[in-house]
Every structure is written in C-alpha cells, then in structure tokens.
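Here is what each chain is made of, one letter per residue.
Protein chains: 2
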Amino acid sequence: MGNQQVKTTTPEEITEAAVGSFDSCPDERTREILQKLVRHLHAFAVDARLTEEEWMAGIQFLTRTGQACTDTRQEFILLSDTLGLSMAVDAINHGKGADATESTVLGPFYVPDSPWRANGDAINIEADGEPVIVQGRVTNTADHPIAGAVVDVWQNSTNELYAVQDPSQPPDNLRGRFRAGDDGRFWFRTIRPVDYPIPHDGPVGEMLASVGRHPWRPAHIHLIVSAPGYEPVTTHIFDADSRYLDSDAVFGVKSSLIREFQRHDPATEPAPPGVDRPWYTVDCSLALEPAG
Amino acid sequence: MGNQQVKTTTPEEITEAAVGSFDSCPDERTREILQKLVRHLHAFAVDARLTEEEWMAGIQFLTRTGQACTDTRQEFILLSDTLGLSMAVDAINHGKGADATESTVLGPFYVPDSPWRANGDAINIEADGEPVIVQGRVTNTADHPIAGAVVDVWQNSTNELYAVQDPSQPPDNLRGRFRAGDDGRFWFRTIRPVDYPIPHDGPVGEMLASVGRHPWRPAHIHLIVSAPGYEPVTTHIFDADSRYLDSDAVFGVKSSLIREFQRHDPATEPAPPGVDRPWYTVDCSLALEPAG
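Protein sequence lines, in the order shown, are assigned to chains V and X.
Numbering follows the working numbering, with no gaps: position 121 of the first sequence is 121.
Numbering follows the working numbering, with no gaps: position 260 of the second sequence is 260.
These aren't lab readings, by the way, just hints derived from the structure by calculation.
It is possible that part of the hints are untrue.
Heads up, the list lumps identical chains together, so a pair's fine if it works in one copy or across two of them.
Simulated pairs of lysine to aspartate or glutamate, EDC-like, Cα-Cα distance not exceeding 20 angstroms [unchecked claim]:
1) K36 x E160
2) K36 x E54
3) K36 x D113
4) K36 x D241
5) K36 x D23
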C-alpha cells in the first residue's frame with residue numbers, strides 16, 4: 001500500500017496540513033499572514049460548525065461581491081467596512097497617543113489632488129444647504145501650532161452624494177486643500193454635510209437588510225492632515241446632531257471626533273459675507289504626532 | 001455635545017461594536033455565523049497585525065477571485081480548497097465512525113445524472129490508457145451487504161481532464177452510475193486516472209506559485225455512494241502510486257482512501273475480454289453508516 005501516514009481526517013489535522021503547506025513560502029511575511037489566515041478561518045468554521053450549505057452560501061456571496069466590483073465601485077471594501085474589519089485595521093495601525101487626533105476610515109470617495117484653496121474660501125459651488133464655517137488649528141500634541149500643515153477636506157452635498165459619485169456636481173465641488181497659517185489656523189466655508197447610506201443595492205446591501213441593519217453613516221466631513229515631520233492622520237469630524245452616531249454602518253465614529261455645529265442667527269449676530277440665513281460654525285482643531 | 005459614549009477606538013472595542021450590530025438579526029443561525037465570522041476575522045487582523053497595504057492587497061485578491069468566476073469555473077471554491085477550508089467543512093460535517101468509509105471533497109467536476117450502467121460495463125469510451133477493473137462491495141459498518149446501493153463514479157482521462165472540462169470527450173465519458181447486486185457487489189471497467197493540476201491560470205494559481213506550492217492532485221476516482229436508510233458518502237479512492245499523496249493541493253487525501261492498483265500481466269493470467277495489455281484491478285469496498 002502507499003503512504004499510510006497522511007493525517008487529514010479531523011478538522012485539527014486538516015488545519016495543520018494547510019498551515020504546513022505554506023512552510024516553504026519564500027517571503028516570510030506572506031507565510032506568516034497566510035498561516036494565520038488559515039488558522040483563524042478554520043477556527044471560524046469549527047466554532048460555527050459550518051454546514052456545507054452554509055459554506056456554499058458563503059462561496060456564492062463572495063462571488064457576487066467580487067462580481068459587483070467595477071472601476072468605480074469596490075464592494076469588498078464595503079463588505080470589510082460593514083464587518084468592522086476596515087476600522088479594526090485602522091486601529092491596529094493608528095493607535096494614537098491620547099493627545100493626537102484619532103483616525104477613522106478613508107472611505108471610497110476620496111479623490112487625490114483636490115484644488116488648492118485660500119483660507120476663507122468656499123468649497124461648495126451650489127447655493128443651497130445650511131452655511132457652515134469650519135475653523136481649526138493644526139498643532140502638535142503639546143499644542144504648538146504647525147505652520148503650513150496641509151488640510152485636505154471632502155464631504156457630501158445635500159443630495160447625500162459626493163461629487164465623484166454624482167455627474168450633476170462639478171468634480172471639484174465640496175473638496176479642497178488648505179494650508180494652515182503661521183499660527184496653525186485654517187478656515188473655510190461650506191454647507192452642512194448630511195447623513196447618507198453607503199451603496200446598498202448590491203450584495204452588501206442584501207446582507208445588511210437580511211440582518212436588520214441600516215446602511216446609514218452619520219453626517220461628517222473627511223480630512224487628511226499632514227505636515228513634514230509628523231504622522232499624517234486620515235479622519236472625519238462628525239455632526240453631533242446626527243441620529244446615526246451610535247450605529248454608523250461602518251463603525252467609524254469615535255467620541256473624540258464628534259463636533260457640535262453651533263448655530264448663529266443673522267437677526268442677532270453679524271453674518272459672514274454673502275450669508276443671509278442662519279449659519280453654523282464648527283471647531284475642527286487637530287493635533288499631530290511626530291513621525292516615526 | 002452629542003453622544004460621547006461611542007466606544008470604537010481600540011480593535012477590541014471595534015470588534016464588540018461590529019458583533020453587536022448583528023444582535024437584532026431576525027434569523028438566529030445567521031446571527032451566530034456572522035458574529036463568529038466577525039470575531040475570527042478581527043482576531044486574524046489583530047494576530048497578523050495586518051497593515052493597510054496588506055489589507056488592500058487582500059481586497060484586490062478577493063476582487064480578482066470573484067471576477068475569475070464564470071458559469072464553468074468557481075475560483076472561490078478553488079481558494080477554499082487550497083486553504084484547506086473545504087476539507088475542514090467536510091470533516092466538521094462528516095466525522096465518521098471508525099468503520100465507515102471516510103469522505104473527501106466533491107470537487108468542481110461532478111455532473112449529476114450520469115448514465116446508468118450495468119456492472120461490468122466500461123465507463124471509458126477512448127481506447128488508450130491503462131485498463132483497470134474497479135471492484136467492490138457496499139456494506140453497512142457490520143459488513144452486511146447493502147443490496148441496490150448506488151455508486152456514482154467519475155474520473156479524469158489520460159489528458160488530465162474530466163469530460164465536463166474537455167470538449168474533445170463525449171459528455172458521458174468516464175462517469176456512470178452502478179447499482180450493487182444482492183451481495184453488495186459492483187464492478188466496472190475504466191482506465192487508470194492520472195495526477196492533474198487544479199486550474200492554476202487564475203488568482204489561486206498565482207497565490208500557489210507565490211508561496212511555492214504546486215497545484216497537483218494525486219490520481220483518484222470520485223464516488224458518491226448512497227442507499228435508502230444510510231448516510232450517503234462523497235469520497236475518492238486514491239492511487240497508491242501517486243507522487244502527490246503527501247501534498248494534495250486541496251488536502252483531500254485520507255490514509256483509509258489510498259488503494260493499490262494491482263498489476264496483472266496477460267502473459268501469466270487470462271485477460272478480461274478486449275484487454276490485450278497489462279491491466280490493473282483495484283478494490284473499492286465501501287461501508288455506510290445508518291442515516292441520522
């Protein structure tokens with residue numbers, strides 16, 4: 001008879017065989033990742049006592065998820081986001097000291113190379129929406145200003161869409177790059193962002209619906225803040241009035257990132273130039289850690 | 001200020017938030033599976049300290065895997081197979097008593113409704129290949145014959161391909177259903193199966209190449225054996241002479257399923273009708289457990 005020593009009968013033996021199959025992987029880090037993936041994936045199957053029908057349903061779900069991806073839609077990132085994996089990876093890589101601004105997900109709507117704008121400029125082209133003045137200061141963790149820090153911002157419009165999703169908006173609407181002054185200060189005009197659902201007409205939306213979860217994210221403004229000699233931070237500020245702060249579909253909210261949008265009334269306060277309605281101010285001060 | 005109690009800063013807090021998001025899932029089993037999936041998936045990310053670049057490489061790999069799937073190719077099943085997950089699921093669901101025939105993977109080449117054939121028939125249409133007579137007995141675990149048990153078999157040809165993959169073979173080549181006699185016996189003629197690589201021109205093949213694994217499976221004949229009142233078994237018999245018994249790309253080999261193909265020489269033994277070359281016999285006795 002042939003080899004009688006093949007030990008792949010129990011789930012534990014199969015796990016060891018699959019882990020061992022990567023022993024000769026020439027790249028050490030790839031080997032480590034795949035061996036850990038196999039252990040955790042098998043542990044999941046054993047822990048859940050996954051049936052063959054459930055396994056096949058999973059195969060079909062992953063297949064539909066891959067096939068829903070296009071040049072402008074990344075359904076696997078949505079899946080990672082809605083399972084909390086994206087935020088877990090963010091937390092693993094960007095655990096910050098208590099005094100630095102915390103990070104959160106980049107999201108799928110970032111477009112690099114936003115136009116440079118001057119402090120005080122408006123990033124919104126359309127006239128509707130609630131006027132907002134965002135003002136802040138970029139500092140180090142000892143509260144010293146970081147002159148020339150770059151603040152790259154983007155947000156959605158009143159129709160819930162980002163310009164990159166919406167042919168009816170000019171491509172540069174509601175995004176821009178600002179440079180902090182010598183005192184670390186930056187400020188710009190915009191409109192108030194609104195709550196919006198993540199794309200939910202695909203497999204991830206089906207999953208959320210089937211488990212009784214909504215697809216909404218609380219209103220927020222995205223920021224990437226960077227300066228030479230500091231760790232850049234990718235983050236949001238969240239509108240404290242949103243009803244979804246406790247149930248963000250992608251688990252992106254951190255308490256330290258929630259900001260009050262302060263209401264101002266033109267009947268009692270001098271309005272900024274061009275503003276004829278109640279407007280809001282929001283503080284968006286940001287602290288960076290030294291690089292490395 | 002808004003809700004200051006959102007606790008999604010550390011990986012552990014994010015895991016708890018993501019697990020908790022499924023608390024209201026109306027289907028209890030779906031909830032259990034997804035909550036366990038989230039825990040194990042996050043544990044993998046934390047254990048590997050997955051970087052954002054590695055996470056993105058994983059997203060892109062899964063996307064390519066989904067997009068490689070077609071009506072006739074299931075790349076996610078190949079991925080599951082090559083990570084040992086398919087065999088682990090099999091083991092979880094078909095842990096057998098010591099006396100029953102062990103199961104192994106179904107594989108992607110099964111086609112239902114094979115033609116019924118009479119014991120002694122050939123399943124091979126082509127003339128080349130090494131002639132084989134497969135003979136066996138279907139019994140219960142107390143060695144009593146199961147009259148009328150159905151043995152559904154399929155295998156590859158000398159060009160490494162199954163009929164379903166290969167337009168040059170008739171669709172019913174090298175597959176068939178047999179019914180055991182009153183003594184539990186069945187037998188048929190075929191050709192010796194050959195080692196073959198799993199499809200490796202896609203993302204799974206890239207993965208295997210990058211980690212220094214080959215894509216080969218040891219030569220085998222597939223069987224699904226069933227009878228009223230018994231648990232059906234999906235299994236293979238493996239050729240004891242294969243060089244890949246220790247390194248099956250999909251971890252399907254179990255020692256109990258390895259069989260010696262016994263060589264016979266027409267110069268010293270009367271050959272079966274139509275056989276003019278050395279031929280082989282292989283014993284393929286099978287034992288089923290009671291249902292339930």
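How the hints compare with the structure:
1. Taking CA atoms no more than 20 angstroms apart as the test, K36 paired with E160 passes in neither setting, with 39 angstroms inside one copy and 33 angstroms between copies.
2. Only between protomers do K36 and E54 lie at most 20 angstroms apart by alpha-carbon distance; the minimum there is 13 angstroms, versus 23 angstroms within a single protomer.
3. When the C-alpha separation of K36 and D113 is checked against a cutoff of 20 angstroms, the pair qualifies neither within a copy, at 37 angstroms, nor between copies, at 40 angstroms.
4. For the identical chains of this complex, K36 and D241 are neighbours neither inside a copy (41 angstroms) nor across copies (33 angstroms), given an alpha-carbon limit of 20 angstroms.
5. Taking the closest pair of Cα atoms, K36 and D23 come within 20 angstroms of each other only inside a single copy of the chain (12 angstroms); across copies the shortest separation is 28 angstroms, beyond that limit.
Hint compliance for this structure: hints 1, 3, 4 are broken, all remaining hints hold.
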